[in-house]
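Read top to bottom, the protein sequences are chains G and W.
For the first sequence, the numbering used here assigns the number 1421 to the initial residue and increments by one for each residue that follows.
For the second sequence, the numbering used here assigns the number 1421 to the initial residue and increments by one for each residue that follows.
Source of the hints: derived by calculation from the structure; they are not laboratory data.
Don't be surprised by glycine CBs; every beta carbon is placed ideally from N, CA and C.
Wrong hints could be hidden among the right ones.
What the hints assert, rightly or not - A short list of chain G residues far from chain W (calculated; beta carbon distances all over 12 Å):
| id | residue |
| --- | --- |
| 1 | Asp-1451 |
| 2 | Leu-1509 |
| 3 | Pro-1550 |
| 4 | Ala-1635 |
| 5 | Glu-1700 |
| 6 | Ala-1706 |
| 7 | Arg-1722 |
| 8 | Gly-1735 |
| 9 | Asp-1781 |
Stated by the list, open to error - Not the full set, but computed from the structure, chain W residues with beta-carbon under 10 Å of chain G:
| id | residue |
| --- | --- |
| 10 | Met-1421 |
| 11 | Leu-1425 |
| 12 | Ser-1440 |
| 13 | Val-1452 |
| 14 | Asp-1465 |
| 15 | Phe-1522 |
| 16 | Ala-1524 |
| 17 | Leu-1631 |
| 18 | Asp-1650 |
| 19 | Leu-1732 |
To be verified - If you anchor each label on the Cβ, the simulated ranges turn out as follows:
| id | chain 1 | residue 1 | chain 2 | residue 2 | range |
| --- | --- | --- | --- | --- | --- |
| 20 | G | Pro-1833 | W | Glu-1841 | 47 to 53 Å |
| 21 | G | Tyr-1637 | W | Gly-1632 | 31 to 37 Å |
| 22 | G | Tyr-1637 | W | Ile-1783 | 43 to 49 Å |
| 23 | W | Asp-1746 | G | Ser-1527 | 32 to 38 Å |
| 24 | W | Gly-1632 | G | Arg-1528 | 27 to 33 Å |
This is what each chain is made of:
There are 2 protein chains.
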Amino acid sequence: MRIELICTGDEVLTGKIINSNFSYMAQKLEDVGLSVHWGTTVGDDRDSLLAAFRLAGQRADAVIVNGGLGPTVDDLSQEIAAQAAGVPLVLDEAWLVRMEEFFARRSRIMPPNNRKQAMLPQGAEFLDNPIGTACGFALTIGRARFFFTPGVPRELRRMLEEQIIPRLLAMAGLQGVIALKRFHSYGLGESHVDQLLSGIEAMVPDGSIKLGFRAHYPQIETKLTVRGRDAADISTKLAPVEAEVRARLGNFILAEDDQTLEGVVLAALIARQATLALVETFSAGAITARLAHLPGAEHVVRRGVIARDLDLVPGAVGLSHLLLTDAMTQDKVEAVARAARDAASASHALSVLIELDAGADRIDLGGTVWIAIAHPEGVAFRRSRIVGGREWVRLGAAELALDCLRRFLQGLPVVERIDFEKV
Amino acid sequence: MRIELICTGDEVLTGKIINSNFSYMAQKLEDVGLSVHWGTTVGDDRDSLLAAFRLAGQRADAVIVNGGLGPTVDDLSQEIAAQAAGVPLVLDEAWLVRMEEFFARRSRIMPPNNRKQAMLPQGAEFLDNPIGTACGFALTIGRARFFFTPGVPRELRRMLEEQIIPRLLAMAGLQGVIALKRFHSYGLGESHVDQLLSGIEAMVPDGSIKLGFRAHYPQIETKLTVRGRDAADISTKLAPVEAEVRARLGNFILAEDDQTLEGVVLAALIARQATLALVETFSAGAITARLAHLPGAEHVVRRGVIARDLDLVPGAVGLSHLLLTDAMTQDKVEAVARAARDAASASHALSVLIELDAGADRIDLGGTVWIAIAHPEGVAFRRSRIVGGREWVRLGAAELALDCLRRFLQGLPVVERIDFEKV
């Protein structure tokens, strides 16, 4: 089945906003085993919209159009859809009532120009929008079924998931249900993960499991898309493959599905009623900022201390007279973590001291990252060297440090060779 | 002149990466007074590429194609360009030599498959890539001039600026030179800035100055595009308009051109040989992280202290016994800033204490932001209330706090009503 996406709007066409709706829709379709064949971007312009609808209507089986359903004069999707299909616009009374109720619940009168949002091409199939005033609709233009969606990302996401994907799967003759299982890892490059998981799709011989990746440094997302008759069939197929992925990627899996590394770390701390102190240098608050704003962190993160000059670190945790810059050692770094833990009266402390190479930023600029985790029974230690410029070092060090804390809290080895470090 | 963009590549089409090259190109063209009329996205697929080139060749005057110039088998741009133009591929000997030198300088032998990158459609105009192995080229297909560019963002950016935009301006008959002047502001909404600057384009009656905006909460970018005969003509036209923008937006302008708010703050601190201590609560390191990783900050940012529980703040700066949560007052907040300044032996301290509303995240969740700046002569104070959900409050509070520090260091009023606060 050939699917096309049409993104509309001057803000997208002029680059004023980055078109993340396109990649969102394309990924969601990939996740259920469908593929986008062609993308078109046009502005709020009658001639371009009409041409785009007609071209896609000649080429595709299904087309998703995003944007142009708003109440203002430059929102043209309904009007041009009707023109392309050769039908008039007619008022959808039911949606008009829903919109009036929407405004009434917010103690507001519906402005007259919102009425436009209830004008749909005659014969269009209504697609519900439970969280906004732009309803969607489906309509046949040429040989393709068109699905019109709102530009507001959260409204698009809900309509895509609840209304459009089920219709597309039915059109494609894909029976049953689809599930997506995701694993997030840190420390293995994409080609390495690919190689470790080689042959995994073949564990289910009927081709109903598909493996995919999405890399966003420093993490890699591994995705399993599973098709089955029903939820039970999916569980049966997925269970052994899921177990095998966990076995092969092992300690490198830091979270699954909608979990995040910082969320996993926070949950592990809460589970053991722990409290945390943090010490940062060149990462300069980036680690604390990921963890400490989360709901629930207010009872866990007791104190973060940041000093850019390494020799200001000891004083900030009550360790005057310790000099780090004459020579960093494991002993000194562990002493800082212990002192941070004591000073904040926390059960745990994560201390991340970074010796950044001197000189201007460059691709081979690196940093030596000294990580210590103080806890009630002692101190865990990890040293690593990351090379790739200031931003690369900063992001990598934050990830490595949070991941070390995750490993420690989960009883896994804190020291394990990763692909991103120089030794 | 009608311009189209074609973005190629499976990673873009499947949404595996977000297509930021598209918005980058579109904005760059807007900045010089050119407009994109149509965008197409296709994968690494011969039929789609050929169809996309032919369609754009019928419609457009100029087409920029991005991607597909790499050394691997799925890089098809040269091959399909030649096919669409009806010419063979021929070896560009000069580029082959340049590539071999490129590898030699890195002490590597050029792999054989890179030779493919020197195969260009016969008659194509060479477009230099001084920083990579994917050279660009220009070629006529149908009625349009096509410009082929590499997918690597920094290589694309350089080729667009140095090679393609001058050719497009010449094609469009736009003589002379173009300059872009940018102002960054915080605290005024886009429509407010638009209204404050009404009539500004008309100060230069020949239409050679164009006003535009780009909003990325919490900042707004105001852009003036100026066309002129030469640099002197541009200066003459721009000077009074620039002065008028500064007069009308006044204290709200936080930076210009490539400057950032944090960069301006750091430069102002360095200029007065100041040092800084920071205190954060719900912003949780986000303010310190923006400032302290910058080159030069290692001699300025002495200490950042983060505590999520407001009542752990005083102890962290050596003020035991002060209780904040029974009732926040200006006096207490100022005392925290003074203590942070003393504890870190810094000349200045920025303290940002946030009382976040209780309960789950929601669109009307807000926070009261208490900001104090301690300095050698006293303490500056600002209180504000921001509503819009956890992320909105967190980002807004960080921006407000850094901007207050900027205002203080520049001798401007720290308290001035902004559009984003509730009073």
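Going through the hints against the structure:
The beta carbon of Asp-1451(G) is not kept farther than 12 Å from every beta carbon of chain W, the shortest such distance being approximately 10 Å. Chain W leaves Leu-1509(G) outside its interface by the beta-carbon criterion, the shortest separation being 26 Å against a cut-off of 12 Å. With a cut of 12 Å on Cβ distances, Pro-1550(G) stays outside the contact zone with chain W, its closest approach being about 16 Å. Here Ala-1635(G) does not stay apart from chain W, with its beta-carbon only about 8 Å from theirs, under the 12 Å limit.
Distance check on Glu-1700(G): its Cβ comes as close as 8 Å (rounded) to a Cβ of chain W, failing to clear the 12 Å threshold; non-interface status is violated. Annotated as non-interface, Ala-1706(G) brings its C-beta within 12 Å of a C-beta of chain W; the closest such distance is 5 Å. A Cβ of chain W approaches the Cβ of Arg-1722(G) within 12 Å, the least distance being about 6 Å, so the stated non-interface status is violated. A beta-carbon of chain W comes within 12 Å of the beta-carbon of Gly-1735(G); the shortest separation is about 9 Å.
With a minimum CB-CB distance of about 7 Å to chain W, Asp-1781(G) fails to clear the 12 Å threshold, and the non-interface call is violated. Evaluation of the Met-1421(W) hint against chain G yields a violated restraint, the C-beta minimum of about 15 Å exceeding 10 Å. Of the supplied interface hints, the one on Leu-1425(W) holds, with its beta-carbon coming within about 8 Å of a beta-carbon of chain G, less than 10 Å. At a threshold of 10 Å, the smallest CB-CB gap from Ser-1440(W) to chain G is about 5 Å, leaving the interface hint in force.
The interface hint given for Val-1452(W) is broken, as the beta carbon of that residue sits about 13 Å from the closest beta carbon of chain G, more than 10 Å. Look at Asp-1465(W): its Cβ gets to within about 8 Å of chain G, closer than 10 Å, so that hint holds up. With its C-beta approaching chain G no nearer than about 15 Å, Phe-1522(W) sits outside the 10 Å limit, and its interface hint is violated. Residue-level restraint check for Ala-1524(W) is violated (minimum Cβ-Cβ distance to chain G is 18 Å; threshold 10 Å).
At about 14 Å, the closest approach between the beta carbon of Leu-1631(W) and any beta carbon in chain G exceeds 10 Å, and the interface hint on this residue is violated. Checking Asp-1650(W) against chain G by beta carbon gives a least distance of about 28 Å; that is not within 10 Å, so the hint is violated. Hint on Leu-1732(W) holds. Least Cβ distance to chain G is approximately 6 Å, under the 10 Å limit. Separated by about 49 Å at the C-beta atoms, Pro-1833(G) and Glu-1841(W) satisfy the suggested range of 47 to 53 Å.
The supplied range of 31 to 37 Å is met by Tyr-1637(G) and Gly-1632(W), whose beta-carbon atoms lie about 32 Å from each other. One distance hint, 43 to 49 Å for the beta-carbon pair Tyr-1637(G) and Ile-1783(W), is violated here, with the actual separation near 32 Å. Between Asp-1746(W) and Ser-1527(G) the C-beta distance comes to about 35 Å, which sits within the given range of 32 to 38 Å. Taking the beta carbon of each, Gly-1632(W) and Arg-1528(G) are about 32 Å apart, inside 27 to 33 Å as hinted.
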